[in-house]
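**Student:** Quick mapping for you: the protein sequence lines, in order, are chains A and B.
Under the working numbering, think of the first position of the first sequence as 3, with each following residue one higher.
Under the working numbering, think of the first position of the second sequence as 2, with each following residue one higher.
These aren't lab readings, by the way, just hints derived from the structure by calculation.
Note that this is a predicted model, so its numbers are computed, not measured.
Hints are not guaranteed to be accurate.
Said to hold, decoys possible - EDC-like, lysine to aspartate or glutamate: derived pairs with alpha carbons at most 20 angstroms apart:
hint : chain 1 : residue 1 : chain 2 : residue 2
1    : A       : Lys-147   : A       : Asp-462
2    : A       : Lys-570   : B       : Asp-98
3    : B       : Lys-221   : B       : Glu-177
4    : A       : Lys-159   : B       : Glu-97
5    : A       : Lys-159   : B       : Asp-100
6    : A       : Lys-159   : B       : Asp-98
As the list claims (entries may be wrong) - For the chain B half of the interface with chain A, some residues (derived, Cβ under 7 angstroms), not all of them:
hint : residue
7    : Val-50
8    : Asn-106
9    : Gln-161
10   : Gly-163
11   : Tyr-171
12   : Asp-172
13   : Glu-205
14   : Met-212
For glycine and all other residues, C-beta sits at the position ideal for the given N, C-alpha and C.
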Amino acid sequence: MASVVVWIDEGCIVCDACEETYPEVFHVTEDTCFIKAESRTDGNFDTNETSKSAVTDGIDFEILVEAAEGCPVDVIMVEQVGGDSPAEEPEEVAVEIAAAAGAVAESGAQVSSAAEVSMDGDRSLLILFGSQSGNSEDLCAKMGKSASTYGLEATVKGMDELQIGELAGQKRVLIVCSTWGEGDMPDNAEDLWVAANGDAAPSLAGTHFSVLSLGDTSYEFFCQSGIDWDVWFEKQGANRVVPRVDCDVDYDEMANGWVAEALPHIAAVDGDGVYQEDAVEALKAKAVGGKSVVAAGSAFDLPDLERAELQVNIQVFRYDPVSGESGHDVWACAMPGNLSVTEALRLLKATEDGSLTFRDGSPDDATTGLLVNGRLILPGRCAIADLATSRKGDFSLRIDPLPGYDVIRDLVVDHSDYQTHLSASKPWMRGATRSATQLQQGIMGTMEAPLAATLHIAGDFPSHQLLHSASDTTPHNRQYVGPAVLARLWARCNDSRLSPAGRTSHLAVVQGENGIKAEADMSSINRQGRMGAIAGLALLEAKTATLVADGFTGRHGKHVWWFTETVKFSGQLNETTLAGATLGPFGMAKNALTGILPRMALGFTRNGAPMMRDLQAMFMPPGSVGKMPKIINSKVDDHHEIVALYNAFDRRF
Amino acid sequence: MARYRYAYFPGCVALGSAREVQDAMDGLAQILDIEMVALKGAACCGAGVMKQANWELQIALNARTFAQAEAQGLDVLTPCASCQGNMSEDFARLTEDADLRERVNEQLESIAGIRFEGTMKMRHLLHVLVEDIGLEEVAAKLKNPIDFPVAGYYGAPMQQDGACGEDDVYDPQYFEQLIEVLGGTAINYDGRTQSVGFPGLLAEEGSALKMTASVLSDAKSEGARVMASACPLSHINLDTYQVKAGRVSGMDTDIPVIHLPELVAWALGHDKGRLAYLKTRVLVMGD
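Construct the entire structure; sequences and hints are all you get.
**Tutor:** Rendered as structure tokens:
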């Protein structure tokens, strides 16, 4: 009679899968898996790798095999031995296993042979949306984020953001288009559609595509725009990788189904533009975290989500509130490059220093922000390989608390500066009475799509606490409400749903003494990636509106006004006129008395600049700047062109 | 013909209160065989101030400068980080926004007979030295090593995508590499990419001075004996307003601050007297 042996090889990752499958046999410990004593004839409790004791009667062989097959790292070994024909039954199992392995190998071989063309190189994907109400745009934005799972570098564009000729040469294009009215293109797709049907329409041989069409079955020309684009792409010679899907008003399920098919199929277009259909299943498996069946070393290898191990010096700011001591601890570590900063910190805390303190949380937790190598980030969202910088061959990662806040301990800061300014600004929406429209869902207030999109973008920050830190002014002026509160209030001010009283209240903060005028230099905000660019633009608009509302009076107004005015005078900035007009006689005298003038005039601290250069400063007050008054300031060549541009773009000056 | 040719945009300050920048640029250009082709009639870049009144006006003025450089087939070279940052922002805006570009070009064509096409690039001296000329070539021409610790100051405007060449936006290294090549010890300090608040100097002086003091004090505490600024505008805060910044903030801010072009020109043999003066000050007189 045959007996069954089960044991655990080295390499268990303690994932618990086997214990969940067969808890009577497997018990997962902290570092490996044991075969339970009550399931073994020798009554021991270990991996059974050495003794290879048989299992007791009543242990189900099939469930054991199921557990073995479910092991993600294949360390569960199951063997039938002994009995009347000891050689036969193990052989059957061996044959079975060999057959399974063969199937996998065959599958891998198929994929490998079908995809011998290199998948390196161009992995770009163009995602185009034709959108009227924003649904297509939202879908495309989500799809753009998912595309990286398949190793694609997606660019999401509205149909009004590209010229028809730009489609030529694209290897991968996915289109989501809604239909408006009686089969019409949405507004942002109209021009492109006209161009597509003109003489300049390009040939799209070599382009692979698929279309998702959004519509409403209650209309006669259901999904007509998507149909039109589908037909057009085919007519131009493009290859459809997935059939078009036409969605009704409740489009979520169908759209998700299309995305789940379209992305792996379009990802199977290799770097040379060849569609490797056999690779699709492997791509799907890879994307859901399954084991890739692509043979190791195959030319067809997706960009791996797992990154190479990184030897990195991690420098972490430490602050002990009890002793008041602060400094940086440095750890030289080898870590997988795909670890997020949060994961790296967790690892350091677990293995190196349990007292290391930082805000832990989900990747999107807005309060977890840190400054890493000078960059403001949410640490759960950023891989260390993307942040580490190399100096003389060594990778380094310097992790500091967010600037502009008081540090509580190590990397944990007190956000109350931001919170206090936010609550004091009363940022909530005070709705205006406004007209509404009868929709299918009932009577609802509506908003023009472009305005809705603008408002959405204006508030699309990963973390307001992070944005508050982006200004280099906030650490030095705690009264300043900061860019995060200002950006939020300014977006509200532009919201048509806000009541006049609400707008007045918000503007009072934005345009007040500690509002936008207190920001000393917006460039520190602008440089913080997309978040900074969006906020910087909002703050610039707020500043301009504030200066206009003030009639360019006060120091801020005069500074901007006279700066612009002097450039018109001569083509270049006249520092003397600017300083004089901005500071006024009192300010100039005060400046002269506070050491600025002697410092300039003596040339001492200018490190020996030729005296005549420095003596220019003597001719003019306040001495802080050194250009001749405008009366003798020469004009640049073709100065009339500058004046003409002023006249064309701003006649106030 | 010179080995390297650029359309030269000195910035208003190099022609005004910081003439020493222009002196140094002339010197280093001669040594490194750079031809700085004058952009005759180029207007002020706006320095982050003009756009607060009317960004489109500022963009139009800069588009004119870009178009002048394009007409000569040259990239624009500037020694000023603020000009580099502002003009790069405007360049990006013009290339991204087709409607704006068309509005601006319509006026440029009718007023000056030129158009902006987007073929040129904005280049700061620091990026030209590292990327175009190369640190090896700079090292080969080194005559007077800067043998003391130097803190390079980048400032904020230039450290953004599209304005800082191939250098890292947040953790740049070009300045430090250049200082090492010139014989100095590069000081790595937090303040090197922080703003000193120049656009707010006249209107928000309190904040600007504290920001300035923070940068100076940080560099000093990390061991710098001299600071070199890639931005002549920021240099006004860092140097001229240095004493006042120290007084307002209560921080130790006394440190000689020179311009990046001076650091390079002097190390390459231009104006030995001023380098000797600086060395004397650093070695004998201290702060």
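**Student:** Taking the hints in turn, state whether each one holds.
**Tutor:** Okay, the hints, checked on the actual structure:
no., hint, in the structure
1, A:Lys-147 x A:Asp-462, "15 angstroms, holds"
2, A:Lys-570 x B:Asp-98, "25 angstroms, violated"
3, B:Lys-221 x B:Glu-177, "16 angstroms, holds"
4, A:Lys-159 x B:Glu-97, "13 angstroms, holds"
5, A:Lys-159 x B:Asp-100, "17 angstroms, holds"
6, A:Lys-159 x B:Asp-98, "14 angstroms, holds"
7, Val-50, "4 angstroms, holds"
8, Asn-106, "12 angstroms, violated"
9, Gln-161, "4 angstroms, holds"
10, Gly-163, "10 angstroms, violated"
11, Tyr-171, "4 angstroms, holds"
12, Asp-172, "4 angstroms, holds"
13, Glu-205, "5 angstroms, holds"
14, Met-212, "5 angstroms, holds"
In this structure, the earlier hints numbered 2, 8 and 10 are contradicted, and the remaining ones agree with it.
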